[in-house]
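Chains as they are written, first to last, in full-length UniProt numbering: chain Y, 1 to 398; chain U, 1 to 483.
Mixed in with the good hints there might be a few duds.
[To be verified] Taking CB as the label site, the calculated pair distances span:
{"hint": "1", "chain 1": "Y", "residue 1": "Arg286", "chain 2": "U", "residue 2": "Asp394", "range": "41 to 47 angstroms"}
{"hint": "2", "chain 1": "Y", "residue 1": "Gly64", "chain 2": "U", "residue 2": "Leu446", "range": "53 to 59 angstroms"}
{"hint": "3", "chain 1": "Y", "residue 1": "Asp7", "chain 2": "U", "residue 2": "Asp389", "range": "32 to 38 angstroms"}
[Stated by the list, open to error] In silico BS3-like pairs for lysine-lysine, Cα to Cα no more than 25 angstroms straight-line:
{"hint": "4", "chain 1": "U", "residue 1": "Lys405", "chain 2": "U", "residue 2": "Lys80"}
{"hint": "5", "chain 1": "Y", "residue 1": "Lys6", "chain 2": "Y", "residue 2": "Lys375"}
{"hint": "6", "chain 1": "U", "residue 1": "Lys215", "chain 2": "U", "residue 2": "Lys322"}
{"hint": "7", "chain 1": "Y", "residue 1": "Lys164", "chain 2": "U", "residue 2": "Lys450"}
{"hint": "8", "chain 1": "Y", "residue 1": "Lys160", "chain 2": "U", "residue 2": "Lys405"}
{"hint": "9", "chain 1": "Y", "residue 1": "Lys8", "chain 2": "Y", "residue 2": "Lys193"}
{"hint": "10", "chain 1": "Y", "residue 1": "Lys46", "chain 2": "Y", "residue 2": "Lys65"}
{"hint": "11", "chain 1": "Y", "residue 1": "Lys160", "chain 2": "U", "residue 2": "Lys387"}
{"hint": "12", "chain 1": "U", "residue 1": "Lys450", "chain 2": "Y", "residue 2": "Lys160"}
{"hint": "13", "chain 1": "U", "residue 1": "Lys322", "chain 2": "U", "residue 2": "Lys450"}
{"hint": "14", "chain 1": "U", "residue 1": "Lys405", "chain 2": "U", "residue 2": "Lys387"}
{"hint": "15", "chain 1": "U", "residue 1": "Lys404", "chain 2": "U", "residue 2": "Lys450"}
No wet-lab data here; the hints were simulated from the structure. Being a predicted model, the structure only gives us computed values, none of them experimental. For glycine and all other residues, C-beta sits at the position ideal for the given N, C-alpha and C.
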Amino acid sequence: MVEGIKDKVAIIGMGCTKFGERWEASAEDLIVEAFVECIDDAGIEKKEIDAAWFGSCFDEVDVGKSAVPLSSTLKLPFLPVTRVENFCATGTEALRGAAYAVASGASDIALALGVEKLKDTGYGGLPDFGSAMGTRNRLIFPNMTAPGGFAMMATKYFDKYGLKPDEGKRMLAHVSSKSHHNGTLNPKAHLRKEASIDKIVNAPMIAWPLGLFDCCGVSDGSAAAIVVRAEDAKNYREDPVYIKGLQIALSSGEELMYTDWDGAHVETAVHAAERVYKEAGIKDPRKEIGMMELHDCFSITETVTYEDLGISKRGHARDDIESGFFDLDGTIPAQPDGGLKCFGHPIGASGLRMAYEMYKQLQGKAGPRQIADPKLGLTHNMGGFPPYNLISISILGL
Amino acid sequence: MSGITSYGAYIPLHRIDRMNIYLAMGWLNPASMLPGEKAVANYDEDSLTMAVAAGIDCLNGIDRKEIDGLYFATTTPSYKERQNAGMISTALDLRPDIRTEDFTDSVKAGTGALLSACDSVKAGSAKNVLISASDCRLGKPGGYQEEIYGDGAASLLLGDDGVIASVEGSYSLSYDFVDHWRAEGDRYNRSWEDRWIRDEGYGKFIPEAISGLLKKYDLKPEDFAKVCYPCLYLGGHAAIGRKLGFEPDQIQEHMFTTVGNAGTPYPLMILVAALEDAKPGDKILLASHGNGSDAIFFEVTDEIEKMRDKRRGIKKNLEAKKYLDTYERFAVCRDLITIDTGGRGEECAPTSMSALWRDRKAVLGLIGSRCKRCGTPQYPPQRVCVKPDCGAIDEMEDYRFSDKKGRLFTYTGDMLAFSPNPPAIYGMIDFDGGGRNLFDLTDCDLDSLKVDMPVEMSFRRKYVDEKRGVHEYFWKATPIREG
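Just need the whole structure built from these sequences, with the hints factored in.
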């Protein structure tokens, strides 16, 4: 395998807005808010940045195409700026672009910034996929939504492992309930109320078998990071966070069109995990990973991800979920900041928001939700839906 | 000898008890109460989709490459300019070098298409011509037509090889009798007084056509095993038979109280029902009604036996049914009332005609590809084989999925996606013989679905883009119907 970028890139500053229904804020407002926190945290001035990567997904209802919205909002002085988009993994793609730039020596100080302004459509949920899915796909794909796309994985998971609907839903409810608790400890989170298992199980159905609380928040927000080469990092701060691994994997088409995939896991996550563990030198993730921010767009996604990452045994995530293994006081806390579920999910920002939480936890600045010994943090960012997706995974550490 | 070589039919799954219509709307017109039930096309069905369904039934076991023509008969086409028969032909995966025509503007068009197809075969310009007749007419809420009209389709294959019922003769009448009409821009039919229609039109033209045919061929009513003609009025229907001298058991049941007056396909649906029970040697008489009448007589051959239980036809379609329990569901299904779709329901991206042309076989015909190297079927058609250890490039051949059955790999019922019949149900289908993709599901309830249950494919309307005047179609999966 190639050498990878382990310990070649450091994050020296991060910023993240409060996520939520930010009716008062435009995408430009959110960009500025995340950016100001980010460069203040890095202790640098704007003019020191020499390249930027900009992530936004639903540009149609957001800032529009290209990276000009970032460069013109921040008045970046004719810098090279690239827009990236890879479904809901867009934020991690921005970080990956910036990280590769400094690792290669093409850039000294790079900005990665993601933003999404979702609450300007006039209806709930993500913007309708119709115009975004492609000219032919819209002639043949069902009139799908994200909850439906993932609910099909829950149907299949329940069927494959013999879970009665009530058993399956209670397992999933535990996943969401845990994140609701964590969200109450996070002032920047979109949703900050506890939700009991019973409340979750009895909530209105969104896409069978997923109910309202199985679905993450649809939020506005922005997050940003400044990266430099590892050897320069200590010039900026004492506690930079290093990228130990950063990998992505995309569907090959076989999940959607060939009949081998079992529908009860995300195949790309298995490949991305294998590669990132190799890059980061991780042999036993269940022992070596200290905390995780997973792409819990839906409770079922987080559930299968425990297995795809090799943390839980295949088909046995329920044991770990229900024993509290992933709770904030458990062995590997997942979604300490509330996750997509409660911190919220402004698409283009989410990957960077996950890194933001790992960064703060590693620096011991996570307040009431601080994890005692975070060791290594893992972020897992998924775009698309189970048969047609991409996964990006990063490992971050001191 | 030329005549009918195969038949098929389609009746939509949904029915409504006419009493439910009357209970909701009868206060407007207390005399409008009618007995029985009627068939109702689902929200994603129209004349085109039902014509395809009947065509599929008719072509079961027949090589589609052998079809030289397709005539579509309807008064409710989706397009006024864009040949509807051409869309049906593409959906049925017929050859492009065939003759396609729309027969329209009168509910007599079904028998008109039949006679034209028969003439084409007799003249030798085509060997096998498929006709598919379908209608999906709306009556104004609260009126008689709303109770009378039902939806359905029938399809016949005309040829001279393997004839099951030879076309022995015909007698046609054309009168500009304006009993009902629909002008440019009208959504609903208008009609003249029913007593006049019954006594001066319906009650006269069918007898005149049948009498003309009997005289022309020197036949008598007792020569026929069955006589088939549409029902506009229950009493009037029986009176026609009596007037002509047919015994009640010679008169083929009219389905007025099970399907309703289905318009253009109606006489052909009654004929298909007669053929299902016909014996070799039976003579069958058919007459349509609409701006005159076409009377046609058939003689059933020994070949009829080969069709037994090979078609859904009328009987099996009549058995499979699900009731719309309220008038409101019927009204939404047929778009009689404007519902609040929400912002998401108003979203409709433009349809690219150039992309649709390029992908016409994949989209309208559900044609995928099969790798010639490894044999893997795949949908949509691929250039690079999807089988992980194959990956052959450009070694594909066309592969038709529309006639393949499959299993429901997984599914959901989505309350967030807009549907006039929520939840929007969709899932992944694993086709028997290989191939997988995502499809909408229709004609089913979420509670009735199970992983791995058998499904089949049904041609449906995917969306109507009213702003741009586009009716777009694709295939959905449905649980396999009983029967």
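Against the structure, the hints come out as follows:
1. Y:Arg286 <-> U:Asp394: 41 to 47 angstroms: 45 angstroms, holds
2. Y:Gly64 <-> U:Leu446: 53 to 59 angstroms: For Gly64 of chain Y and Leu446 of chain U the Cβ distance comes to about 39 angstroms; the hint is violated.
3. Y:Asp7 <-> U:Asp389: 32 to 38 angstroms: Hint holds: Cβ distance 36 angstroms, inside 32 to 38 angstroms.
4. U:Lys405 <-> U:Lys80: Violated. Lys405 of chain U to Lys80 of chain U sits at ~34 angstroms, over the 25 angstroms cutoff.
5. Y:Lys6 <-> Y:Lys375: Between Lys6 of chain Y and Lys375 of chain Y the Cα gap is close to 16 angstroms, so the pair holds against 25 angstroms.
6. U:Lys215 <-> U:Lys322: Not OK: Lys215 of chain U and Lys322 of chain U at ~45 angstroms, beyond 25 angstroms, violated.
7. Y:Lys164 <-> U:Lys450: Cα-Cα ~13 angstroms, so holds.
8. Y:Lys160 <-> U:Lys405: 22 angstroms, holds
9. Y:Lys8 <-> Y:Lys193: Roughly 40 angstroms between the alpha carbons, so the hint for Lys8 of chain Y and Lys193 of chain Y is violated.
10. Y:Lys46 <-> Y:Lys65: 23 angstroms, holds
11. Y:Lys160 <-> U:Lys387: Status holds; Cα separation ~23 angstroms.
12. U:Lys450 <-> Y:Lys160: Cα-Cα ~12 angstroms, so holds.
13. U:Lys322 <-> U:Lys450: 19 angstroms, holds
14. U:Lys405 <-> U:Lys387: Roughly 21 angstroms separates the two Cα atoms, so the pair holds.
15. U:Lys404 <-> U:Lys450: With a Cα-Cα distance of about 19 angstroms, the restraint between Lys404 of chain U and Lys450 of chain U holds, given a limit of 25 angstroms.
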